[in-house]
Amino acid sequence: MFCLHPFVSNKWEKEFFLRRKAMSNGDAVLARLFKLWAMVCKLVMDGKRSADQVCDALQAIVDEQQFEAKVKEWVVFYERFFGLELDVSRLKIPEQQQGFDRLIIVAQGMTPQRLFEKCKKLFPTWKWTEKNLDEIITSVRTAQNGAYAVWVRDRVEADEENKNCSANDFSGKGGTETLEERMLHELKYFRETGKHLDVQNWTLCASSRYSDGGVPCADWFSDEFRVYWDRPDRHFSRLRARSAVSQ
Numbered sequence: 001m002f003c004l005h006p007f008v009s010n011k012w013e014k015e016f017f018l019r020r021k022a023m024s025n026g027d028a029v030l031a032r033l034f035k036l037w038a039m040v041c042k043l044v045m046d047g048k049r050s051a052d053q054v055c056d057a058l059q060a061i062v063d064e065q066q067f068e069a070k071v072k073e074w075v076v077f078y079e080r081f082f083g084l085e086l087d088v089s090r091l092k093i094p095e096q097q098q099g100f101d102r103l104i105i106v107a108q109g110m111t112p113q114r115l116f117e118k119c120k121k122l123f124p125t126w127k128w129t130e131k132n133l134d135e136i137i138t139s140v141r142t143a144q145n146g147a148y149a150v151w152v153r154d155r156v157e158a159d160e161e162n163k164n165c166s167a168n169d170f171s172g173k174g175g176t177e178t179l180e181e182r183m184l185h186e187l188k189y190f191r192e193t194g195k196h197l198d199v200q201n202w203t204l205c206a207s208s209r210y211s212d213g214g215v216p217c218a219d220w221f222s223d224e225f226r227v228y229w230d231r232p233d234r235h236f237s238r239l240r241a242r243s244a245v246s247q
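Per this note's numbering, the sequence shown starts with residue 1, numbered consecutively.
Hints listed in this document are in silico derivations from the structure and should not be mistaken for laboratory results.
Incorrect hints may have been included.
[As the list claims (entries may be wrong)] Below, computed lysine to any residue pairings styled on SDA-like, alpha-carbon distance capped at 20 Å:
#, residue 1, residue 2
1, Lys121, Arg155
2, Lys72, Asp101
3, Lys188, Tyr210
4, Lys121, Phe81
[To be verified] Quick list of the computed label-pair ranges, beta carbon to beta carbon:
#, residue 1, residue 2, range
5, Ser222, Gln97, 12 to 22 Å
6, Glu135, Gly174, 39 to 49 Å
7, Gly99, Glu192, 15 to 25 Å
8, Gly99, Glu130, 18 to 28 Å
9, Arg90, Ser222, 40 to 50 Å
10, Gly174, Arg114, 36 to 46 Å
11, Trp126, Arg238, 33 to 43 Å
12, Glu161, Arg234, 34 to 44 Å
13, Asp154, Ser222, 21 to 31 Å
14, Trp128, Ala38, 47 to 57 Å
15, Phe221, Ala38, 23 to 33 Å
16, Tyr228, Asn168, 15 to 25 Å
17, Glu73, Ser171, 25 to 35 Å
We treat Cβ as the ideally placed atom computed from N, Cα and C, and that holds for glycine.
With the hints as extra help, turn the sequences into a complete structure.
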């Protein structure tokens, strides 16, 4: 599933293979790029060459190239952090919404405990329970049957728009980061910057639940990454869910 093709032997072939895999998301990033270029050509052929139309089409091409780069970043991330070859050939990425600029790809096999253990290897961690998180956490989205992706806001602190909202306010909507997504967000941000998320606030992982009905939360406090428990009806200004755009 996460294996390279058996004929991929040297590092140059491997790099080409990874690039090709990163471009193979669903209909394929490359196919969308061709479609966008065709749009520009059609504008020219139809004589519709207004500055706004052409600029919009060209901007879409630039955006697609940036999108391809985001996918490739995750291919490299999983290879380096987990020794996995991320298969994005069947990955469906939701349509991006304005303001949601960070892509999070959850590879198959990423579970709460596995992600917490990876955090533990890279920086100080703490969790409120000694139990295996896989046994007590349920999330509205999982990668049990394959990789998936969400878009979130690219911010250090959890969304101010969601302050003073409890997990119950998001109940059944699935529109916020799960605990798994929050830990991947932490790991990816740490890899990029060497820093941490939520140094002033807490992320309320409202799309996940403990077996007792409590809600997992995460932050960086006293020089350690913490995963802890809170009530589903609790709300205050520094406890904030991170909105997520999912499929």
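Comparing the hints with the structure gives:
no.: 1; hint: Lys121 - Arg155; in the structure: violated, 24 Å
no.: 2; hint: Lys72 - Asp101; in the structure: holds, 15 Å
no.: 3; hint: Lys188 - Tyr210; in the structure: violated, 24 Å
no.: 4; hint: Lys121 - Phe81; in the structure: holds, 10 Å
no.: 5; hint: Ser222 - Gln97: 12 to 22 Å; in the structure: violated, 35 Å
no.: 6; hint: Glu135 - Gly174: 39 to 49 Å; in the structure: violated, 22 Å
no.: 7; hint: Gly99 - Glu192: 15 to 25 Å; in the structure: holds, 19 Å
no.: 8; hint: Gly99 - Glu130: 18 to 28 Å; in the structure: violated, 39 Å
no.: 9; hint: Arg90 - Ser222: 40 to 50 Å; in the structure: holds, 42 Å
no.: 10; hint: Gly174 - Arg114: 36 to 46 Å; in the structure: violated, 22 Å
no.: 11; hint: Trp126 - Arg238: 33 to 43 Å; in the structure: violated, 18 Å
no.: 12; hint: Glu161 - Arg234: 34 to 44 Å; in the structure: violated, 18 Å
no.: 13; hint: Asp154 - Ser222: 21 to 31 Å; in the structure: holds, 25 Å
no.: 14; hint: Trp128 - Ala38: 47 to 57 Å; in the structure: holds, 54 Å
no.: 15; hint: Phe221 - Ala38: 23 to 33 Å; in the structure: violated, 51 Å
no.: 16; hint: Tyr228 - Asn168: 15 to 25 Å; in the structure: holds, 18 Å
no.: 17; hint: Glu73 - Ser171: 25 to 35 Å; in the structure: holds, 33 Å
Hints 1, 3, 5, 6, 8, 10, 11, 12, 15 from the list above are not met by this structure, while the remaining hints are.
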